[in-house]
Amino acid sequence: MPGKLKVKIVAGRHLPVMDRASDLTDAFVEVKFGNTTFKTDVYLKSLNPQWNSEWFKFEVDDEDLQDEPLQITVLDHDTYSANDAIGKVYIDIDPLLYSEAATVISGWFPIYDTIHGIRGEINVVVKVDLFNDLNRFRQSSCGVKFFCTTSIPKCYRAVIIHGFVEELVVNEDPEYQWIDRIRTPRASNEARQRLISLMSGELQRKIGLKVLEMRGNAVVGYLQCFDLEGESGLVVRAIGTACTLDKLSSPAAFLPACNSPSKEMKEIPFNEDPNPNTHSSGPSTPLKNQTYSFSPSKSYSRQSSSSDTDLSLTPKTGMGSGSAGKEGGPFKALLRQQTQSALEQREFPFFTLTAFPPGFLVHVGGVVSARSVKLLDRIHNPDEPETRDAWWAEIRQEIKSHAKALGCHAVVGYSESTSICEEVCILSASGTAAVLNPRFLQDGTVEGCLEQRLEENLPTRCGFCHIPYDELNMPFPAHLTYCYNCRKQKVPDVLFTTIDLPTDATVIGKGCLIQARLCRLKKKAQAEANATAISNLLPFMEYEVHTQLMNKLKLKGMNALFGLRIQITVGENMLMGLASATGVYLAALPTPGGIQIAGKTPNDGSYEQHISHMQKKINDTIAKNKELYEINPPEISEEIIGSPIPEPRQRSRLLRSQSESSDEVTELDLSHGKKDAFVLEIDDTDAMEDVHSLLTDVPPPSGFYSCNTEIMPGINNWTSEIQMFTSVRVIRLSSLNLTNQALNKNFNDLCENLLKSLYFKLRSMIPCCLCHVNFTVSLPEDELIQVTVTAVAITFDKNQALQTTKTPVEKSLQRASTDNEELLQFPLELCSDSLPSHPFPPAKEHLESASSNSGIPAAQRDRCSSWIELIKLKAQTIRRGSIKTTMTVEKASPVGDGNFRNRSAPPCANSTVGVVKMTPLSFIPGAKITKYLGIINMFFIRETTSLREEGGVSGFLHAFIAEVFAMVRAHVAALGGNAVVSYIMKQCVFMENPNKNQAQCLINVSGDAVVFVRESDLEVVSSQQPTTNCQSSCTEGEVTT
Amino acid sequence: MTSELDIFVGNTTLIDEDVYRLWLDGYSVTDAVALRVRSGILEQTGATAAVLQSDTMDHYRTFHMLERLLHAPPKLLHQLIFQIPPSRQALLIERYYAFDEAFVREVLGKKLSKGTKKDLDDISTKTGITLKSCRRQVVEEMRGSLVDNIQQHFLLSDRLARDYAAIVFFANNRFETGKKKLQYLSFGDFAFCAELMIQNWTLGAVDSQMDDMDMDLDKEFLQDLKELKVLVADKDLLDLHKSLVCTALRGKLGVFSEMEANFKNLSRGLVNVAAKLTHNKDVRDLFVDLVEKFVEPCRSDHWPLSDVRFFLNQYSASVHSLDGFRHQALWDRYMGTLRGCLLRLYHD
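Going line by line, the protein sequences match chains A and R.
The first sequence begins at 564 in this note's numbering and counts up one residue at a time.
The second sequence begins at 112 in this note's numbering and counts up one residue at a time.
No wet-lab data here; the hints were simulated from the structure.
Predicted model only: the values in this text are computed from it and were never measured.
Heads up, the beta-carbon is just placed ideally off N, CA and C, and yes, glycines get one too.
Be careful, since some hints might not be right.
[What the hints assert, rightly or not] Footprint (simulated), chain R over chain A, 3 or more residues, beta carbon under 8 Å:
1. 673-687
2. 964-972
3. 1282-1295
4. 1517-1529
5. 1568-1574
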């Protein structure tokens, strides 16, 4: 009996009127966990009942604790007929199961009904008493922490990054019973919600078990998805990266909360030795070095930094010891070997992380992706989901072989997705092939690697760009030059990745969101024929998406893509491709060449003129973009770089394959043959359209930037104002004369208009940046295209930005020094702690201004009010007065006028609802995350049979999304948190039937509940910082000697 | 290509003040978009009309969802669906309950009933305020019956709450305000008088324990006012009063001779108004009487406002020197308020 769950129902408020006669409600509550149910008394005739129940106690296995949600149902008591349900609250009690997270869940939860939406709130308190379980063969995995964040969470340190974990569970979908109308829609929806909740719990528990097997204690980059396969069932699958994490204590306290005893031992010298002058017992004494870093791994790492290719045999002037250089070849092989052996123990050397601890990422090969078209069939035995497992295993195997072909032994920034239409399903996986530093992957000590990291610090700043594959035996034709940064290693001319920009990378100018959009018509077909048709189309789509990305990247004058995500969506009569990425100019990579336009028919004067006109337009656009994104790389003469190695030219780092049920693997060469420059040939109207569409992308209005990565390259002075939002658009295509071109244009307009709307809506936040812009496309019906966007707008300080960008050298110097600090602090358990604070130096002074700012700049407001007054020509004295009073709350307190008897100020000030921030990013600008409270993973269904009455489809979905936000916030607040980071809306499935006045929507969201503290509140703590810095710099002195 | 669905939901609910005002004023989405286009917002932001349409629709939808909560402002504070910063919440409520002067001036003194609602059409055309907007304002007034607690219940600012108190006070005592003679008075004038009367003439003004008695005039006080009649009924007292006032004001008043000639009439008028207040009907006609008996005679003699002030000050102060008069406190309570009202009412 390993756990006791205790629940107390305190009160309700704002309940709906259930008894028309009395305009009141006789409410009571059912509390259900597993198969046990308790009931409160009926609280008669009130919309704000005070139940104040006893503690309901459930004695349960911890396995159940992990799987089952706590289910609270509010009902209206009815003496004569069945009790009417008001609504339900599902509470995931998982966060209470790990020691460091929340200890109690307590607060107001919206009471949710799948038909009526939120109907009042209920105040609930939940606690769990866990008993120690000594059973080694247990089925539960309590204590394993889950994070949606795709980097090492801010207040933790990665001891070991174990690697890939995955699991999937399947079940029958209760939904098709809804179609059959066997039960009421409400019952069907609730069955579905409960089932998915149960399945996610089970999935999380099973993944936890795998993590325990790997001796990890956490899953980072946890991504759970649902495949609604319709008649064939419901699949819940998840991937993540198993890690062993150490909690970082606050820098002031200096008390590490370690898990492993061996670690604690190593920490002791730090604690005992606060005096920087006596470092004899410090971590960097020869003894220490011997103990922890004499191991070969040290020299390997040094090799990896200084001599990665045979070319490095030439004498070096800078870093790295000469002797090491001479032995470069064999050592390199050794490095490979060791890393590989570390990784090959794993079936799949994949990492769902997109940002890494410094030094983790050695080289990046390029994007690897694989897709497979499958025909769905009924899952016969839910306990043996072998087919689905096999499908994914197949795809992962492909990804692995692609990575190998790129000379990489690992895949980072890995993700999986599906697109389902009727019985056809496209499975996709993509990631970035990479070479990793082995030391994080082994059960060895991280401390031992400290010194090496110091030495390789500088080289790694461009190191990740260097090619990992053998240039004489390249997997595909590529155009290589020497690195523009270190001039020693080879780099490709463009780099595509699915990860975030490494923090230490040197970037010139700012980045921008780049999207490739594509539609392809497809004949309607059944089963096999349909799957074949799709399989045949896929390579062309991939090719075109890739070409578009490349063209747009060049048009922006940039040379690398980060956070690339290509989504292929299948519909009944079309396929949609949407690729989003953040383009940047990496200083290490060569300047991209322009785009040349060539006509097919020479000797035609007007045609030539037209071509040259187009060429001019393109050149102008490139120049304009360079100015806009402040891309002005230093001029470098050719001699220094040396002439490019003669190679067949090509611009692709994308290695992909596609297979259908037949398991045939075909590889597609995305290179552009032997063309010297990047030439666009205009030989027909199609090509003309393509060129035109290139030029139609409008840059965001001034003051706006956008990217789909965590942070915007080139902006580092965020202020604290953030606004997360979700925007959904559905367009209906006119079914007449649909051509690929018309379709492309429609789709392009849809996305562009959506972005324009966002810029307009958020104009009061200028200067600001839309970060983590996440587009999702779905094709809910024949002629409908749905685009869902979730992103966060963050304001930044423009003046500061200008200063820093004007002195890139200074910035990089600063960066280098902060990097140094961070690295040094790393063993002192400070590294990740100080990370969030560095990028936002000016945050403090902006806190006040941001909090008092009501949004629209005063000037604008004035202007607007004046025109309104002109139009209306009405006396507005009271209005004016009221505007003033609303500016501040305290004005409402009694004015000096004693004649008015003392009136209490309006209770605006004592609003009980705390603010909960939501963001898709892993951090909160201007604040420090002090605690992770657990994962939020919620699934909701909303249905209506009175669509018109609820304001049509827009009104319905608007209300539903607002309700979902509200429920997420309420859960976070009840856990004691004040923000959700790494928030993601994984699914938003919307179906309508306007003829029947019906609509249904499913939404799945997840994120990490956290507690954050504003940096301005941390001053006391930071005053102690200098001491630690001093200590660390002394450590440095020792290490380098 | 038609847009089937188009929404934007922020974690913090975006409130556009201009669109909110357009919505409150009852404009349709189409009209609101047209007005926004005319404001030049497209040129400022480089947006397109389609963007503006979508933005306006979004805001209107949000306001529509918020309206349910605005009917009971405390709910807005405790609800969880819309995350709105407190300053914005206050703005929403304040603007929602703000009213058009012209409109209130029309409604003032009419019994708020279904009948009145039917008349809204007329008022609407008269004042140029859209009907929808009128509806909102009427609904709000009906709810405002708890004068004293308006501020707490509706979370309004001091200023707005006082205005509501004035409206409810007028409605409750059914003061006549619609007569032609009174048309020159604005809502502000009435609100000012109402406030003075609430402060000084109601039960609540005397006894702060009786919190909910702001609504009604102090009956006892009105009865007592009869006693003032002696000021005009007793000829000696009247003469003495007149000579006191005249002595004090001689040379200081531009219209001295007119004042001297009219003193008895004016004094009789003011005191008679007081004496009559025992009857409900006369209470109702208070403003008509004041205008007829005081404002109009003075105006016809072209008294400047400063002279009126001098006169009224002296007129009420001199009573203290009348030895035979015993109701000094009563007089002060009456004249203190009346003086304020008259000065406010005295304009063109």
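Here is how each hint holds up against the structure:
Coverage of the region 673-687 of chain A by chain R holds [criterion: at least 3 residues with CB-CB distance below 8 Å; count 3]. With a cut-off of 8 Å between beta carbons, the region 964-972 of chain A has 0 residues touching chain R; three or more are needed, and the interface restraint is violated. A stretch counts as covered by a chain when three or more of its residues have a beta carbon under 8 Å from one of that chain; for the region 1282-1295 of chain A and chain R the count is 10, and the coverage holds. Given a C-beta distance limit of less than 8 Å, the hint that chain R covers the region 1517-1529 of chain A holds, as 10 residues qualify and 3 suffice.
Restraint check on the region 1568-1574 of chain A versus chain R: 0 residues with Cβ-Cβ distances below 8 Å, three needed, restraint violated.
The structure is inconsistent with the numbered hints 2, 5, although it conforms to all the rest.
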